[in-house]
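Which chain is which? The protein sequence lines are A and B, in order.
Numbering of the first sequence is given in the numbering used here, commencing with residue 1 and proceeding in unit increments.
Numbering of the second sequence is given in the numbering used here, commencing with residue 726 and proceeding in unit increments.
Worth flagging that the hints you see were computed from the coordinates, not collected in a lab.
A hint or two may mislead.
Only pairs whose alpha carbons sit at most 30 Å apart, straight line, appear in this in silico DSSO-like list of lysine-lysine [stated by the list, open to error]:
| no. | chain 1 | residue 1 | chain 2 | residue 2 |
| --- | --- | --- | --- | --- |
| 1 | A | 248 | A | 236 |
| 2 | B | 1389 | B | 898 |
| 3 | B | 968 | B | 1259 |
| 4 | A | 540 | A | 295 |
| 5 | B | 1061 | A | 189 |
| 6 | A | 356 | A | 307 |
| 7 | A | 439 | B | 1389 |
| 8 | A | 301 | A | 248 |
| 9 | A | 173 | B | 1061 |
| 10 | A | 170 | B | 1081 |
| 11 | A | 664 | B | 1081 |
| 12 | A | 173 | A | 301 |
| 13 | A | 336 | B | 1389 |
| 14 | B | 1026 | B | 975 |
| 15 | A | 295 | A | 277 |
| 16 | B | 1032 | B | 1002 |
| 17 | B | 895 | A | 336 |
| 18 | B | 1407 | A | 336 |
| 19 | B | 1026 | B | 973 |
| 20 | A | 173 | B | 1081 |
| 21 | A | 682 | B | 1061 |
| 22 | A | 336 | B | 914 |
Note that the structure is predicted; figures quoted are calculated from it, not measured.
2 protein chains.
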Amino acid sequence: MEFGSFLVSLGTSAVIFVVLMLLFTWLSRKSGNVSIYYPNRIIKGLEPWEGTSLTRNPFAWMREAFTSSEQDIVNVSGVDTAVHFVFLSTVLGIFACSGLLLLPTLLPIAATDHNIKTRVKNGTDTTSKGTFSQLDNLSMANITKKSPRLWAFLGAVYWVSLVTYFFLWKAYKHVSTLRAQALMSADVKPEQFAILVRDMPSPPDGQTQKEFIDSYFREIYPETFYRSLVMTENSKVNKIWEKLEGYKKKLARAEAISAATNNRPTNKTGMCGLVGKKVDSIEYYTELINESVAKLETEQKAVLAEKQQTAAVVFFTTRVAAASAAQSLHCQMVDKWTVTEAPEPRQLIWQNLNIKLFSRILRQYVIYFVVALTILFYMVPIAFVSAITTLKNLQKIIPFIKPVVDIAFIRTILESFLPQIALIVFLAMLPKLLLFLSKSEGIPSQSHVIRAASGKYFYFSVFNVFLGVTLAGTLFNTVKDIAKNPKLDMVINLLATSLPKSATFFLTYVALKFFIGYGLELSRIIPLIIFHLKKKYLCKTEAEVKEAWYPGDLSYQTRVPGDMLILTITFCYSVIAPLILVFGITYFSLGWLVLRNQALKVYVPSYESYGRMWPHIHQRILAALFLFQVLMFGYLGAKTFFYTALVIPLIITSLIFGYVCRQKFYGAFEHTALEVACRELKQSPDLDEIFRAYIPHSLSTHKAEEHEFKGAMSRYQDFNAISAA
Amino acid sequence: MEFGSFLVSLGTSAVIFVVLMLLFTWLSRKSGNVSIYYPNRIIKGLEPWEGTSLTRNPFAWMREAFTSSEQDIVNVSGVDTAVHFVFLSTVLGIFACSGLLLLPTLLPIAATDHNIKTRVKNGTDTTSKGTFSQLDNLSMANITKKSPRLWAFLGAVYWVSLVTYFFLWKAYKHVSTLRAQALMSADVKPEQFAILVRDMPSPPDGQTQKEFIDSYFREIYPETFYRSLVMTENSKVNKIWEKLEGYKKKLARAEAISAATNNRPTNKTGMCGLVGKKVDSIEYYTELINESVAKLETEQKAVLAEKQQTAAVVFFTTRVAAASAAQSLHCQMVDKWTVTEAPEPRQLIWQNLNIKLFSRILRQYVIYFVVALTILFYMVPIAFVSAITTLKNLQKIIPFIKPVVDIAFIRTILESFLPQIALIVFLAMLPKLLLFLSKSEGIPSQSHVIRAASGKYFYFSVFNVFLGVTLAGTLFNTVKDIAKNPKLDMVINLLATSLPKSATFFLTYVALKFFIGYGLELSRIIPLIIFHLKKKYLCKTEAEVKEAWYPGDLSYQTRVPGDMLILTITFCYSVIAPLILVFGITYFSLGWLVLRNQALKVYVPSYESYGRMWPHIHQRILAALFLFQVLMFGYLGAKTFFYTALVIPLIITSLIFGYVCRQKFYGAFEHTALEVACRELKQSPDLDEIFRAYIPHSLSTHKAEEHEFKGAMSRYQDFNAISAA
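Isolated chain A (complex conformation) (with noise of 0.2 Å):
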């Protein structure tokens, strides 16, 4: 790629950012598109607008994400949310830190010398023959072999990976406090008084599964335990509960035309409202909730009585007795009576609860296979999208587009977006697949599932999009010899000399990530015209327009991947080509500015970890830091650089600090400490409250005073009532 058509995009990138900043500054200030713009101020009760927001400064939204404090981030989107921004503030911090060593020394130095030049006028540079650029001269590609000058190359991998250490260590201990913050909060959390009981074995005679477990546990803690709830197969009475759902928004829906129209709606009752006799909508679903709510009734009773699961929550009278408990083996044989944390009521997963745990393990390394499987079949269509979309390649194979292509403008623009922008569809496709997979896994909790399928993606991510891409040029030509005579040393090798050719088409990605990534993420002009078109056209009552506009999570299942891969590229040629910091600093920077904003006023978090994702961040920032070190250890041996050696120290540090980081930290994430369990509650906790938190939807009864709850449930105790006042 040209200097000038990198320029080309990198303009175009930033024009387009700016049209959608100030598009988004008129539209945001519409009365009609408030739910869009301010959805979670909404839902949380708040007004939308705050004064200033209100003016014709296209900054307003800069200055109010800079003001808020971490504080309000975790009161409005609460402690995984706060803990994103400490990712995205310590990426930030690392990069701003290197940069402002390396780009004032690397630059100058990689760009008065002259191996370029040199292996041009000799012919003996063969592989990148005349697609070098003026960027080129200020990487490393352009320092000739043995230079003395591979020191200042050297010391800035120690200095990067220095501020590494000193940066990830300030973040996880910041981490570890704001979680344990959280977790003392003098709120009653009924997930703090609850664990999750899995592996029973089948009870006695004569005994149900509940009185067993109650008899369990009420043994072991004869003080502190307060009762059970047995986990249900649910998946016929969550059917009738949907199917009751929809009939009562239909009626509300038939209730509304009426009321405007003041026409009875009818509709007919066969497929899909087309066919069938032609009936009164009212008086047709009034029946139909009517008949569903008796089949419901009758389907909650034999799931109670029948369709008992080797699950349950137990629910504690203390959060100290709970913490303690989820951590103790309490069965002599391990695969028994096994305990965990419970999840929050809301993102438990019922249906994978009745899983045993060496089932658990074998489905666990399965579907490692299957993703290993994905990981090595998608490398085959990503090589070759790379590889086609060079335009001359192009040209190659579809000689009919040369007239178009030879237009100059459209040159540009293709040879600028095309492969980034097939790289970017290919892996919109992945995330649906990975959290279905990780669900599969057998884990018990949302959370759980989302960290799982981000873990893939991001192995994914890295060894397709970042190895792949890197390696296509130089694979196809020395794939024989590597199969001829398969060593490690060799494929570092390999990977690092072709490293920085393809150092502009990272450049160009990061851009284009950010500027239309960020663009549109701050404008929301997708969801902004889905919400008119339904508003419009098909939502009639109050809830559907809800729906409608309903924002969602920040799904980190995806988000959390791609700002780690652009970490991956931006720590690999960081001291290759340091110019790309200046985009990491760029990306990372209006990352946190534009998801500051959507997190204060538009995004909805559909679940509460108490910061969890953290370990795995701060162990994939540290696999980043590690593969960049390996890279610049071949790289520098690639140079023929003497003292390469003295990077291996480097690497084994990172081992080690890696160690030190899971001893001193992990075992919080892992379980509540005590000591974090046993600060005092505001006010004695409702524990019929707590308990009541856990039955779904579909198995409390509809009469609003009535949560009798029986069956599946213990009983509560008087025992425990005095113990626990």
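Following the hints, complete the assembly by docking chain B onto the known chain A.
Just chain B, lined up with the frame of chain A:
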């Protein structure tokens, strides 16, 4: 080695064993020896002889051993000893079941082939020319390459593996039950009410270490916390106390002499009582004792006030509370306030408790490194020993021994025993060093140190004795080839082809070990002689006599790895030279029998770890099986057997089996399961007595009624007294 010398070696050993056994029968019936042959019964306060023992039947002890039940062993010698018998009988079961099928099938199959004859005839066997014997005809060495008879040997590998899985699974289950029963016993054991807390941070200003601990734990466990005992730096007070005890002994001795001879004994005050002023011993020691008591009291106060360390034993009012606390994370920073189950008072290693978490980890790795070096360093002398201990080599090196060696009888004896004796003497030097190294890791309990030392010793013996001796012959020739092109398959191949040559060596080694080793063990000749000498010339008081006959414990740190080595050898040769199974069976059945006698009557266990040795034993048996499978894979490959790959599923099965066992059982050995800890006690525990059990002798006051132990201990809380009642 020739067949004749093998038989002579075997016969001599057997004769020695019979002689030693008869000696035992004769000596153990003399009443003067009762404290050597029945010390454990004496200490337990039982009658040393029970009727039948007094018969002249030399097999009476065997009948007693057979008729004793596992419960007897648990009662007399504890769970750890019972677990060791499970180990012995499990291995016996494995070998017996394997032998039942392998001996009648494989021996004829091997004997009727003719590989060795053919190769000798053809002169193709270049490495073992002339050294084969009749025994080799019964081994796999006699099977021709690619022979379909190899199917039988492949089948044998499967049979041995399946039998091992079956017995190991049964044994793990059984030991787990044994442990659970011991832990749920209704007797009060101090360690079940306590946890060990380490890595305490420094207390806030104005608080002592003790107040800090108490307030920390009282906040978390307001109802079940009893009190705490801060660890102190006792080296000085221990020295004073030991001196005091020494003076007391000397005073008692002086008084005994005075009573016996009616002369007041005298001694000199200088070095070793040899120089200096002559004084009256009784007066002199009385004065010294008074001085020391005063010194001790001053030092005790100083220790409790000033030498508090960052570790403590924390006591709870119930077993469940303690068991649960020992498993829970207490501090948000995982490297602070770390908790483990408290070891028994008698096995707590005070001087290790102050070592911090990361320092412990660092020490561990350093020591692993040192041990690895030791293993490699010892390789050289061991290889040297086994290289020169063939007589031919010996004659070459020391030619002047030729006339001695030429005498047929001496030649045979030397040929049979020399290499084995060299080996046994060599191995006797190591255990102390390994115990010292393991203790330096910072491990808090004696039993854990012994487990760690036992593990190191196991690796040492397998690597050095087994692999070292096996390879010694061929290694020197092929080491250059390996150094040129090191590949794992080559190492396996080398090992596999050199195995059969060493089979006879190991047959003799095992035989020597069980006949001589167990003969000496049973007859206790050496302790008997030492005891009688001491009693006659040194001991004056009751206490001194008791010290002279006190038998010590079973010393698992050498016993377990010793048995493990035999097990590994037997496993590895079980299919190659099935005859070794006979020797293995004899070793473990004789071992079971002799040790049963010793456990019931002789050894006094010095600690009780409730079978925590078992997971280590289990894992090492499995490792031996794994090694066996890998070697068979290599050896079948060396025989160019086409279906060798069929061993691979077996190797994978071993890994899965190990994983499943670990998942299912190990947790209950690492921690106490709460369902076990919650069993009712015979009587409500005397918490004060439990607390006092942890106060070391040197810190407890000498006035019988006064157990004030203030300073480092927290005060008793009325509140707790009520809740515990």
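The hints, checked one at a time:
Only pairs whose Cα atoms come within 30 Å are accepted, and residue 248 (chain A) paired with residue 236 (chain A) is accepted, the gap being roughly 19 Å. For the hint pairing residue 1389 (chain B) with residue 898 (chain B), the CA-to-CA distance comes to about 10 Å; that is within 30 Å, so the pair holds. Between the alpha carbons of residue 968 (chain B) and residue 1259 (chain B) the distance comes to roughly 22 Å, so the proposed pair stays at or under 30 Å and holds. With a CA separation close to 28 Å, the supplied pair residue 540 (chain A) and residue 295 (chain A) stays within the 30 Å bound.
Our distance criterion of 30 Å between C-alpha atoms is met by residue 1061 (chain B) and residue 189 (chain A), whose separation comes to about 27 Å. Using a Cα cut-off of 30 Å, the hinted pair residue 356 (chain A) and residue 307 (chain A) holds, with the two alpha carbons roughly 17 Å apart. Between the alpha carbons of residue 439 (chain A) and residue 1389 (chain B) the distance comes to roughly 24 Å, so the proposed pair stays at or under 30 Å and holds. About 22 Å separates the Cα atoms of residue 301 (chain A) and residue 248 (chain A), which keeps this hinted pair within 30 Å; it holds.
Restraint check: the Cα-Cα separation between residue 173 (chain A) and residue 1061 (chain B) comes to about 14 Å, which is no more than 30 Å; the hinted pair holds. For the hint pairing residue 170 (chain A) with residue 1081 (chain B), the CA-to-CA distance comes to about 22 Å; that is within 30 Å, so the pair holds. For the given pair, residue 664 (chain A) sits about 12 Å from residue 1081 (chain B) by alpha-carbon distance, which is consistent with the 30 Å threshold. Using a Cα cut-off of 30 Å, the hinted pair residue 173 (chain A) and residue 301 (chain A) is violated, with the two alpha carbons roughly 49 Å apart.
Between residue 336 (chain A) and residue 1389 (chain B), the direct Cα distance comes to roughly 8 Å. Compliance with the 30 Å bound is thereby established for this hinted pair. Of the supplied pair hints, the one linking residue 1026 (chain B) and residue 975 (chain B) holds, its CA atoms being roughly 27 Å apart against a limit of 30 Å. For the given pair, residue 295 (chain A) sits about 24 Å from residue 277 (chain A) by alpha-carbon distance, which is consistent with the 30 Å threshold. Of the pairs offered as hints, the one joining residue 1032 (chain B) and residue 1002 (chain B) is violated, with about 38 Å between alpha carbons and a cut-off of 30 Å exceeded.
At roughly 18 Å between alpha-carbon atoms, residue 895 (chain B) and residue 336 (chain A) fall within 30 Å of each other, so this suggested pair holds. Distance check on the hinted pair: residue 1407 (chain B) and residue 336 (chain A) sit about 28 Å apart at the alpha-carbon level, within 30 Å; holds. With a CA separation close to 22 Å, the supplied pair residue 1026 (chain B) and residue 973 (chain B) stays within the 30 Å bound. The suggested pairing of residue 173 (chain A) with residue 1081 (chain B) holds, with an alpha-carbon distance near 20 Å, which does not exceed 30 Å.
A C-alpha spacing of about 28 Å is found between residue 682 (chain A) and residue 1061 (chain B), which places the hinted pair at or below 30 Å, so the restraint holds. Pair hint residue 336 (chain A) plus residue 914 (chain B) holds up; C-alpha atoms about 27 Å apart against a cutoff of 30 Å.
Taken one by one, the earlier hints fail for this structure at numbers 12 and 16, listed in ascending order.
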